[in-house]
Amino acid sequence: MDMDESLIGQAPPEEKQYSYLNLGPTHPATHGIFQNVLKMDGEIIVEAEPTIGYIHRAFEKLAERRPYAQITPLTDRLNYCSAPINNIGWHMTVEKLLGTEIPKRVQYLRVIIMELARITDHLICNAVIGVDTGALTGFVYLFQQRELVYEIYEEICGARLTTNIGRIGGFERDFSPKAWAKIHQFLKEFPVILKEFENLLKRNRIFMDRTIGVGGISDERALNYSFSGPNLRAAGVDYDVRVAAPYSSYEDFDFIIPIGSNGDVYDRFMVRQEEMWQSLRIIKQAIDKLPDGPFHAKVPEFYLPPKEEVYNNMEALIYHFKIVMGETDIPKGEVYHCVEGGNGELGFYLISDGGRTPFRLQFRRPCFIYYQAYPEMIKGSMLSDAILTMSSMNVIAGELDA
Amino acid sequence: MMERVENGSKPGVRMAEKPEGYEGTGFFATSLEKVVGMARKNSIWPLPFATSCCGIEFMATMGAHYDLARFGSERLSFSPRQADLLMVMGTIAKKMGPVLRQVYEQMAEPRWVLSVGACASSGGIFDTYSVLQGIDRIIPVDVYVPGCPPRPEQIIDGIIKIQHLVETESLRRRDSQEYKAMLNKFGIE
Amino acid sequence: MEFSAEDKVINTLKEKYEGDVLHIESPYNFLTITLKKERIVEIIKYLYSHPETGFKYLTSIGGVHYPELNQIAVVYQLHNLIANLRVRLKIYLPVENPVTETITSIFAGANWMERETYDFYGVNFIGHPNLKRILNVDDMIIFPMRKEYPLEDQTREDKNDSMFGR
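Residue numbers (our numbering), protein chains in the order written: chain C, 1 to 402; chain H, 1 to 189; chain U, 1 to 166.
There is no bait here: all hints are sound.
Keeping only pairs whose Cα atoms sit at most 27 Å apart, straight-line, the calculated DSS-like set for lysine-lysine is:
(1) U/37 to C/332
(2) C/332 to U/90
(3) C/379 to U/132
(4) U/8 to C/96
(5) C/39 to U/132
(6) H/94 to U/147
(7) U/90 to C/96
(8) U/36 to C/332
(9) U/147 to C/332
(10) H/185 to U/159
(11) U/147 to C/96
(12) U/56 to C/379
(13) C/284 to C/178
(14) H/94 to U/159
These aren't lab readings, by the way, just hints derived from the structure by calculation. Since the structure is predicted, the reported quantities are computational estimates derived from the model, not experimental observations.
Please build the complete structure, drawing on both the sequences and the hints.
Put into structure tokens, the structure is as follows:
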């Protein structure tokens, strides 16, 4: 009998069998509803196919139907963990279209609110990275701090999460003394807890083993995928809209942009941690340098005049009527404005045809754009690493699907 | 100065009320429904079906400030087979409808549904082609919690109403003809 | 004479693709160039690699439906991170047959952006690796963002129009 000698003692060659795992839309570890069908070779992931759209609420079509001031509640629900940034970004887009000049005090107050919102967004992301590695304590501590920020929002605008904060042109009223007291209380208490949380995880052997080298992406690939925000900065590119195209007086403040080197989960965690410290620094500077002045700009197209004037002054009455009925004159044009959201460059591309509703409003959503790199980032890693990569990218379903 | 609570237990700790029954040395007789109701209501295991912003308010409800665990819901179950209460929080798009229906069908009786938020109750502010205008088009709902998003106190209020439903439910309800007829209206076997 | 950054971009573009440029304007200080649709991929690649322009970051791709013109515009916004320069390129496609080529060979991030434009407006990107619907349900036959389609779901019977002032 003729047999190939080299085959003796070896297993017969067989076809590689892959299994398909559906990391379905409802899953405890995916924070948001999106689906990934993973092709697995044992525990290693070979390919992934994401499906999104499970919470598509047709924001862009809705925006074509709503007058400008009514679009603010829609923008709340984009990245709902840091709703004020979306609101203020939208207001700035309309102000750019109208060409209004915003007083310094309004700009500084907006900076305070936006940095508070950025802190809350990063709090959720880092707490959730902790939870996915098994550290549940950090989550409970940090959510307690989010309650403090919710109380600040409540003093200013009345709502906790979906804030609809401010108006086109500024704020409806100045911050009350109680709001200032709460902000100062937050600035006193929060750094202590943040330091405690950081000490739990920053040099923790288990956390570092789980997160270093996991889910990395190089800076050229990140730029090619149009990443922005903390994910891009963790990959090593120092692009921050607050510095590249400063808006709302960010050029007056002194802060650094933290960048990472590998773009892995640990770098993203540390970039977000450091950004929270920098945000605290910006808030302190803004409070110290806060100028006096009006808390809203003169925007007769959108700003409801105060009630005493409406009842006594003819002009104010006419403006009130025109604003409420939506008969104000909006210039025609196309404008693009972007702000640094919690996840990156949040852009609003607005085309106005002079009517009371936009002709076209496109939201440039950072989450949607960088999530396409996810299959590439988890190729060859294990399932638990894939979960960790997803939570470190801070994918918010509202922003993903709009 | 410490206040003593009526029945001699530790100050600040309130005991649940005893159901009516006949008591003697070493035994207490009451109806099975009351005991089962009391046990069930204080140990509801919820399934948080969190899709959007209301999910963040739910996370705040589970946090240390508005602790939901003190109502017995310490253990969140993400598997429908081990859950009692399906809490639907957030917008349900038409793409998500079949998934929600499948999760509901996988739950074992007795099961309750709490619809948290305006979007789950009626479609909310999203009257569009892609959003399901209320989950009660596909599954039966027990309690609706309005709000956009509802405050944690409102969510807890909804849980307390569910607890009341759980406590007062008859043990035969899930086998009755009316219940089966109601499920048939939704097309659920 | 010192050219402004915008002029440099326009001159570099006109050096090679003078015939494709239809209209140049700068609303709100944002250089917007309307181009013919035939060689858009080459133009974007040229702007990507030319040292004077270097637009290596794709900000967004979006569609706009102009019902009076019967055209669908595809708007590409590019960004040169080093010189901090942005440009908007618009091409107009006929609404009966909106077809253009994909730029996924240049920018990997254009993949989902083009799928979204297809989902909303029906623009067919030739050469796209996976052109199917991304946000809407897979069996939808209309392209919902076009102006002729309504916002609300037309099949519901429980809304009383007389109470909504319609």
